[in-house]
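**Student:** Chains as they are written, first to last, in our numbering: chain E, 103 to 365; chain W, 103 to 365.
Hints are supplied without guarantee of correctness; some may be wrong.
Any copy will do: because identical chains look the same in the list, a pair fits if it lies in one copy or spans two.
In silico DMTMM-like pairs for lysine to aspartate or glutamate, Cα to Cα no more than 20 Å straight-line [stated by the list, open to error]:
(1) K164 <-> E236
(2) K164 <-> E134
(3) K207 <-> D344
(4) K194 <-> E218
(5) K164 <-> D213
Bear in mind the hints are in silico, worked out from the structure with no lab data behind them. Keep in mind it's a predicted model, so treat the numbers as computed, not measured.
Number of protein chains: 2
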Amino acid sequence: MTDHSQSLGQAVTARSSAASPAVVLVRPQMGENIGMAARAMANFGLCELRLVAPRDGWPNQKAVDAAVGAASIVERARVFQSVREAIEDFHKVFVTTSRERGQAKPVLGADTLARETVERIANGQRIGILFGPERTGLENDDIALADAIVSFPVNPAHPSLNLAQAVSLVAYEWFKVSQGAAPPFNIGHETPPATRDVVLGFFAHLEAELDAANYFIPANKRPIMARNLFNIFHRAGLTHQDVQTLRGVVRALAHGRKSRARS
Amino acid sequence: MTDHSQSLGQAVTARSSAASPAVVLVRPQMGENIGMAARAMANFGLCELRLVAPRDGWPNQKAVDAAVGAASIVERARVFQSVREAIEDFHKVFVTTSRERGQAKPVLGADTLARETVERIANGQRIGILFGPERTGLENDDIALADAIVSFPVNPAHPSLNLAQAVSLVAYEWFKVSQGAAPPFNIGHETPPATRDVVLGFFAHLEAELDAANYFIPANKRPIMARNLFNIFHRAGLTHQDVQTLRGVVRALAHGRKSRARS
Numbered sequence: 103m104t105d106h107s108q109s110l111g112q113a114v115t116a117r118s119s120a121a122s123p124a125v126v127l128v129r130p131q132m133g134e135n136i137g138m139a140a141r142a143m144a145n146f147g148l149c150e151l152r153l154v155a156p157r158d159g160w161p162n163q164k165a166v167d168a169a170v171g172a173a174s175i176v177e178r179a180r181v182f183q184s185v186r187e188a189i190e191d192f193h194k195v196f197v198t199t200s201r202e203r204g205q206a207k208p209v210l211g212a213d214t215l216a217r218e219t220v221e222r223i224a225n226g227q228r229i230g231i232l233f234g235p236e237r238t239g240l241e242n243d244d245i246a247l248a249d250a251i252v253s254f255p256v257n258p259a260h261p262s263l264n265l266a267q268a269v270s271l272v273a274y275e276w277f278k279v280s281q282g283a284a285p286p287f288n289i290g291h292e293t294p295p296a297t298r299d300v301v302l303g304f305f306a307h308l309e310a311e312l313d314a315a316n317y318f319i320p321a322n323k324r325p326i327m328a329r330n331l332f333n334i335f336h337r338a339g340l341t342h343q344d345v346q347t348l349r350g351v352v353r354a355l356a357h358g359r360k361s362r363a364r365s
Numbered sequence: 103m104t105d106h107s108q109s110l111g112q113a114v115t116a117r118s119s120a121a122s123p124a125v126v127l128v129r130p131q132m133g134e135n136i137g138m139a140a141r142a143m144a145n146f147g148l149c150e151l152r153l154v155a156p157r158d159g160w161p162n163q164k165a166v167d168a169a170v171g172a173a174s175i176v177e178r179a180r181v182f183q184s185v186r187e188a189i190e191d192f193h194k195v196f197v198t199t200s201r202e203r204g205q206a207k208p209v210l211g212a213d214t215l216a217r218e219t220v221e222r223i224a225n226g227q228r229i230g231i232l233f234g235p236e237r238t239g240l241e242n243d244d245i246a247l248a249d250a251i252v253s254f255p256v257n258p259a260h261p262s263l264n265l266a267q268a269v270s271l272v273a274y275e276w277f278k279v280s281q282g283a284a285p286p287f288n289i290g291h292e293t294p295p296a297t298r299d300v301v302l303g304f305f306a307h308l309e310a311e312l313d314a315a316n317y318f319i320p321a322n323k324r325p326i327m328a329r330n331l332f333n334i335f336h337r338a339g340l341t342h343q344d345v346q347t348l349r350g351v352v353r354a355l356a357h358g359r360k361s362r363a364r365s
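The whole structure should be built from the sequences, with the hints applied where relevant.
**Tutor:** Encoded structure:
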């Protein structure tokens, strides 16, 4: 991990809870799922967890254990007796469901939710995203409290998402939008492609060795044979080091061939 | 569930394995994670699971139990002794990792992977996506076998994703691209907005009742008061049924007031 990513990590961790949406688990059943949801939140920079009437009471050691590195999110979770109390201070409330509920509310994908959430938070709003209990999902009365519905494009034959995975998808989309979608590292930045002269110098080297080996037969096919060969290396996006490596390979092959020819 | 979504479900389920990427779990440790990965695959229309040297042997009842509705994916999983054997028939192999590995390969996000996978499959290619064991992830020798690296934008302070959640993110992005990103239902299609004349008819009704109640005071503020009020309803995107409901509300309020005035 580079210094850059460490400082990003601290920035993400230090982010105040108002700067990211809160995850509200409504009547969650299994402590393991609460913990795994917290772990997914930590993966994607969310930090505020609220629980409404967790079935097995609170605190719950199974939730702490399943959170792995994110036990602090579990330990700081606030518990409420009702959905209404849990969402009091939010400016906008979204509910997740995989089934159509006959309630005339906008339906968003998790990606659209992420864009809207980032925008609203930038304007100082507090956002809550509700997830229903395992198996049954949210009740219609819970859904009626929300401004909009979040749904996932799922295979209709298998629409039931694991609770922590649903949290993970929402958090992932949020992190993509709020942090930018680029992967966390990019080898391309560290090893730029070789300059053209280095690449073409290698091609000349390779071509000379292949000439010495009578590779280009018949002679009239030579241009297309060379072009096809060189295009393979073009597609590889060679770095300077790659070219050094390939020159060594070509030298070794050519030298070995001469040695064998001599013996 | 509508007839339309049922037939889509059957189409997704019936999809041949060559039409979607295969998920390859390399030396997975816990049966629960294998089963939860299979469940996530089913959620997002993937069907081919391969396992390389699962720690606890195979078959594994915990994997079947954790798969919930996706036991058939677990039961049809093929088991291999080495990564090399497991990937033999793929045209393109991707590996998932959350850490930079010093290997000069392209690094893609799961969304880019999805677009590339859909395109390659449309061209008849078979694609495999490798996931490493819990905790340790893939070894460098496994990564060396792949064409490209898939990485997730994660909080660097908490980069370790649960195995099944990583599978879930890849499958989710694949389904978004291959099926279109639209949520599985959209209330807007079923209940179109009311036509302008219906909405404006309601506004006239409301305005008349408010006039009767001497609401628009002072008179010079009337235009802006009316405009602000009507804009609230504009923003709600009223359906025909909404307008009927609101007319009933206005009638009830106005009638109730008159009754009270009379008594």
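**Student:** Taking the hints in turn, state whether each one holds.
**Tutor:** Results for each hint:
| no. | hint | verdict |
| --- | --- | --- |
| 1 | K164 <-> E236 | both (16 Å within a copy, 19 Å between copies) |
| 2 | K164 <-> E134 | both (5 Å within a copy, 16 Å between copies) |
| 3 | K207 <-> D344 | between (56 Å within a copy, 12 Å between copies) |
| 4 | K194 <-> E218 | within (10 Å within a copy, 36 Å between copies) |
| 5 | K164 <-> D213 | neither (31 Å within a copy, 33 Å between copies) |
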